[in-house]
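2 protein chains.
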Amino acid sequence: MELWYTEKQTPNHGITTKISRTIHTEKTDFQQLDIIETNQFGRMLVLDGMVMTTNKDEFVYHEMISHVALNTHPNPKKVLVVGGGDGGAIREIVKHQSVEKAVLAEIDGRVIETSKEFFPEIAGELGNPRVDVQVVDGIEYIHNNKDSFDVIMVDSTEPVGPAVGLFEKGFYQGIFDALKEDGILVAQTESPWFNAELIKRVFKDIKSIFPITRLYTVSIPTYPSGLWSFTMGSKKHDPLEVNEASIKNLETKYYSPSIHKSVFQLPKFVEDLTKE
Amino acid sequence: MELWYTEKQTPNHGITTKISRTIHTEKTDFQQLDIIETNQFGRMLVLDGMVMTTNKDEFVYHEMISHVALNTHPNPKKVLVVGGGDGGAIREIVKHQSVEKAVLAEIDGRVIETSKEFFPEIAGELGNPRVDVQVVDGIEYIHNNKDSFDVIMVDSTEPVGPAVGLFEKGFYQGIFDALKEDGILVAQTESPWFNAELIKRVFKDIKSIFPITRLYTVSIPTYPSGLWSFTMGSKKHDPLEVNEASIKNLETKYYSPSIHKSVFQLPKFVEDLTKE
Numbered sequence: 001m002e003l004w005y006t007e008k009q010t011p012n013h014g015i016t017t018k019i020s021r022t023i024h025t026e027k028t029d030f031q032q033l034d035i036i037e038t039n040q041f042g043r044m045l046v047l048d049g050m051v052m053t054t055n056k057d058e059f060v061y062h063e064m065i066s067h068v069a070l071n072t073h074p075n076p077k078k079v080l081v082v083g084g085g086d087g088g089a090i091r092e093i094v095k096h097q098s099v100e101k102a103v104l105a106e107i108d109g110r111v112i113e114t115s116k117e118f119f120p121e122i123a124g125e126l127g128n129p130r131v132d133v134q135v136v137d138g139i140e141y142i143h144n145n146k147d148s149f150d151v152i153m154v155d156s157t158e159p160v161g162p163a164v165g166l167f168e169k170g171f172y173q174g175i176f177d178a179l180k181e182d183g184i185l186v187a188q189t190e191s192p193w194f195n196a197e198l199i200k201r202v203f204k205d206i207k208s209i210f211p212i213t214r215l216y217t218v219s220i221p222t223y224p225s226g227l228w229s230f231t232m233g234s235k236k237h238d239p240l241e242v243n244e245a246s247i248k249n250l251e252t253k254y255y256s257p258s259i260h261k262s263v264f265q266l267p268k269f270v271e272d273l274t275k276e
Numbered sequence: 001m002e003l004w005y006t007e008k009q010t011p012n013h014g015i016t017t018k019i020s021r022t023i024h025t026e027k028t029d030f031q032q033l034d035i036i037e038t039n040q041f042g043r044m045l046v047l048d049g050m051v052m053t054t055n056k057d058e059f060v061y062h063e064m065i066s067h068v069a070l071n072t073h074p075n076p077k078k079v080l081v082v083g084g085g086d087g088g089a090i091r092e093i094v095k096h097q098s099v100e101k102a103v104l105a106e107i108d109g110r111v112i113e114t115s116k117e118f119f120p121e122i123a124g125e126l127g128n129p130r131v132d133v134q135v136v137d138g139i140e141y142i143h144n145n146k147d148s149f150d151v152i153m154v155d156s157t158e159p160v161g162p163a164v165g166l167f168e169k170g171f172y173q174g175i176f177d178a179l180k181e182d183g184i185l186v187a188q189t190e191s192p193w194f195n196a197e198l199i200k201r202v203f204k205d206i207k208s209i210f211p212i213t214r215l216y217t218v219s220i221p222t223y224p225s226g227l228w229s230f231t232m233g234s235k236k237h238d239p240l241e242v243n244e245a246s247i248k249n250l251e252t253k254y255y256s257p258s259i260h261k262s263v264f265q266l267p268k269f270v271e272d273l274t275k276e
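As you go down the protein sequences, you meet chains R and B in turn.
Residues 1 to 276 (the working numbering) make up the first sequence, in order.
Residues 1 to 276 (the working numbering) make up the second sequence, in order.
Since the hints were derived computationally from the structure, they do not count as laboratory data.
All values derive from a computational prediction rather than experimental measurement.
Where hints are given, some of them may not hold.
Computed list of lysine-lysine pairs in DSS-like fashion (alpha-carbon distance at most 30 angstroms, straight line) [claimed, not checked]:
| id | chain 1 | residue 1 | chain 2 | residue 2 |
| --- | --- | --- | --- | --- |
| 1 | R | Lys18 | B | Lys95 |
| 2 | B | Lys248 | R | Lys248 |
| 3 | R | Lys236 | B | Lys261 |
| 4 | R | Lys207 | B | Lys169 |
| 5 | B | Lys235 | R | Lys56 |
| 6 | R | Lys200 | B | Lys261 |
| 7 | B | Lys236 | B | Lys169 |
| 8 | R | Lys95 | R | Lys248 |
| 9 | B | Lys261 | R | Lys101 |
| 10 | B | Lys261 | R | Lys18 |
| 11 | B | Lys261 | R | Lys253 |
| 12 | B | Lys77 | B | Lys268 |
| 13 | B | Lys95 | R | Lys275 |
| 14 | R | Lys275 | B | Lys275 |
| 15 | R | Lys95 | B | Lys268 |
| 16 | B | Lys18 | R | Lys77 |
| 17 | R | Lys200 | B | Lys248 |
| 18 | R | Lys268 | B | Lys169 |
| 19 | R | Lys248 | B | Lys200 |
| 20 | R | Lys207 | B | Lys261 |
| 21 | R | Lys253 | B | Lys18 |
| 22 | R | Lys78 | B | Lys268 |
| 23 | R | Lys18 | B | Lys200 |
| 24 | R | Lys8 | R | Lys253 |
| 25 | B | Lys169 | R | Lys95 |
| 26 | R | Lys56 | B | Lys77 |
| 27 | B | Lys268 | R | Lys261 |
| 28 | B | Lys200 | R | Lys275 |
| 29 | R | Lys253 | B | Lys275 |
| 30 | B | Lys95 | R | Lys253 |
| 31 | B | Lys56 | R | Lys200 |
| 32 | B | Lys78 | R | Lys268 |
| 33 | R | Lys200 | B | Lys169 |
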């Protein structure tokens, strides 16, 4: 018997990938959670029918949501991840020696628990003494922690279901307030090919709140279109003004000091999304 | 009835896309040729079961195989496209006023004819008086035209079937000989995610022939993994030494002077493919 998992990434298009078996399946209080073993990308975490991460390409998303902001801030000590229950962003954050405390605010505790069990290479730093795992609503958490963080990362699912509020302007204002005076926000903001209107809106919203707003893209083969965007809002530090030579070398597979700035050089049709 | 076209891009992974109808299907002397109408990407050309181009994302491939090399050469007058029967590269090449003659050397005349009929937006410049369309074997053509071209583009299908010879070292040597003394080769070289060994081999082969060798990547959602590579071999001019400010603005949707150099800044795992 051949088993293929198909994700319709839009109503008209998707990926299909061969699997050897379903490892785990459950309905949590928040979403459908499935873990499958694929032939092409290794183990895959699927939430509400959408690929969240795989063992083979997870490094792109997790390195790139983390290191661009952390190497833009001159001395990040306190970092918050909203969402990101798989622990991949946390794993990258604790590579930075300056970080004294990394808080994970994940609404669905089952994502954390199953990631620890089935994705040890991704979730392995969730027990690090510098890491504070909170099973809470990220929106509530930021409203209860004003002026607290150097960097906040929004590592959310797609803007449906539990994550809808994580793409709203009020949320970005809450993050602004939860950041210290020179803090930086970075949020995953979907595909320029399939979510152009969302990117335009979020960029405009963040730009209306933060003095510095930047969009960058990366290649993630299991995400819709393969091209993924992150939007950065910064109170003071500009990622384009970082001295590349001063960036410490980290153990990475995608990020490097030499792409720190080049990822912000966008294809014309993507650059145009930032110009309204 | 719902129709979905699925391409297994590897034995274990692929894309699946909804179609409204099959527009054309034939077996040419060289390959199976199908044209379908997709909901997501508009009209799609499929050769031997592999997506070649679509109306919605074709601009990436055609702009990026053309303008990087043409804006690296200071005065490209004579340009050759090997393959590329859909005419997309030719359309971009004739945007450069310096180009006096663009030769298309396509082995399969049916690709040219069906593209003219069903993809007029892509093939529209094949009748341009500066364009010379030759239905010939590209390998033979370059061996009969030594020291003739400023830029040669290898716009081939995947390295199976008729295109196998277009990924061999002897072919790149033939291109070197067909180029003038300051000529530039650019070849499409597949996906860094799925074809790492091929990219390593081709890069090494081209590097053993050309003084300057560079790899760059672009985002093409209908191509395997969404990340696509091009390898450039140059006798004299380095794309990284171009003065961006001197690049003429062209009507483009992906290429821009500001990404001319940044596309060469590669993710670490891709950069590593060039280092052996």
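Hints versus structure:
The straight-line distance between the Cα atoms of R/Lys18 and B/Lys95 is roughly 43 angstroms, outside the 30 angstroms bound, and the hint therefore fails. Only pairs whose Cα atoms come within 30 angstroms are accepted, and B/Lys248 paired with R/Lys248 is rejected, the gap being roughly 37 angstroms. With a C-alpha separation of about 27 angstroms, the suggested pair R/Lys236 and B/Lys261 falls inside the 30 angstroms cut-off, and the hint holds. For the suggested pair R/Lys207 and B/Lys169, the alpha carbons sit about 50 angstroms apart, so the restraint of at most 30 angstroms is broken.
Pair hint B/Lys235 plus R/Lys56 does not hold up; C-alpha atoms about 37 angstroms apart against a cutoff of 30 angstroms. Only pairs whose Cα atoms come within 30 angstroms are accepted, and R/Lys200 paired with B/Lys261 is accepted, the gap being roughly 25 angstroms. This hinted pair checks out: B/Lys236 and B/Lys169 have alpha carbons roughly 20 angstroms apart, not beyond 30 angstroms. The hinted pair formed by R/Lys95 and R/Lys248 meets the criterion: a straight-line CA distance of about 11 angstroms does not exceed 30 angstroms.
With a CA separation close to 38 angstroms, the supplied pair B/Lys261 and R/Lys101 exceeds the 30 angstroms bound. At most 30 angstroms may separate the alpha-carbon atoms for a hinted pair to count; B/Lys261 and R/Lys18 exceed this at roughly 37 angstroms. For the suggested pair B/Lys261 and R/Lys253, the alpha carbons sit about 21 angstroms apart, so the restraint of at most 30 angstroms is met. Between the alpha carbons of B/Lys77 and B/Lys268 the distance comes to roughly 36 angstroms, so the proposed pair goes past 30 angstroms and is violated.
Proposed proximity of B/Lys95 and R/Lys275 is supported: the alpha carbons are some 26 angstroms apart, at most 30 angstroms. In summary, the hint linking R/Lys275 to B/Lys275 is not supported, as the alpha carbons are separated by about 38 angstroms, beyond the 30 angstroms threshold. A distance of roughly 17 angstroms separates the Cα atoms of R/Lys95 and B/Lys268; the hinted pair therefore holds under the 30 angstroms criterion. Between the alpha carbons of B/Lys18 and R/Lys77 the distance comes to roughly 48 angstroms, so the proposed pair goes past 30 angstroms and is violated.
Between R/Lys200 and B/Lys248, the direct Cα distance comes to roughly 28 angstroms. Compliance with the 30 angstroms bound is thereby established for this hinted pair. Of the pairs offered as hints, the one joining R/Lys268 and B/Lys169 is violated, with about 34 angstroms between alpha carbons and a cut-off of 30 angstroms exceeded. For a cut-off of 30 angstroms, the pair hint linking R/Lys248 to B/Lys200 stands: about 28 angstroms separates their Cα positions. Restraint check for R/Lys207 and B/Lys261: the C-alpha separation of about 27 angstroms stays at or below 30 angstroms, so the hint holds.
For the suggested pair R/Lys253 and B/Lys18, the alpha carbons sit about 34 angstroms apart, so the restraint of at most 30 angstroms is broken. The suggested pairing of R/Lys78 with B/Lys268 holds, with an alpha-carbon distance near 27 angstroms, which does not exceed 30 angstroms. Note on R/Lys18 and B/Lys200: the hinted pairing holds, with a Cα-Cα distance of about 27 angstroms set against a maximum of 30 angstroms. Between R/Lys8 and R/Lys253, the direct Cα distance comes to roughly 28 angstroms. Compliance with the 30 angstroms bound is thereby established for this hinted pair.
A C-alpha spacing of about 42 angstroms is found between B/Lys169 and R/Lys95, which places the hinted pair above 30 angstroms, so the restraint is violated. At roughly 45 angstroms between alpha-carbon atoms, R/Lys56 and B/Lys77 are farther apart than 30 angstroms, so this suggested pair is violated. Distance hint between B/Lys268 and R/Lys261 is fulfilled; the C-alpha atoms sit about 14 angstroms from each other, no more than 30 angstroms. The straight-line distance between the Cα atoms of B/Lys200 and R/Lys275 is roughly 38 angstroms, outside the 30 angstroms bound, and the hint therefore fails.
Proximity of R/Lys253 to B/Lys275 is assessed by CA-CA distance (about 14 angstroms); at most 30 angstroms being required, the pair is judged to hold. Of the supplied pair hints, the one linking B/Lys95 and R/Lys253 is violated, its CA atoms being roughly 38 angstroms apart against a limit of 30 angstroms. With a C-alpha separation of about 20 angstroms, the suggested pair B/Lys56 and R/Lys200 falls inside the 30 angstroms cut-off, and the hint holds. Among the hinted pairs, B/Lys78 with R/Lys268 is consistent with the structure: their alpha-carbon atoms are about 27 angstroms apart, no more than 30 angstroms.
Straight-line distance between C-alpha atoms of R/Lys200 and B/Lys169 comes to about 45 angstroms, which puts the hinted pair past the 30 angstroms bound.
Violated hints, listed in ascending order, are 1, 2, 4, 5, 9, 10, 12, 14, 16, 18, 21, 25, 26, 28, 30, 33; each of the other numbered hints is respected by the structure.
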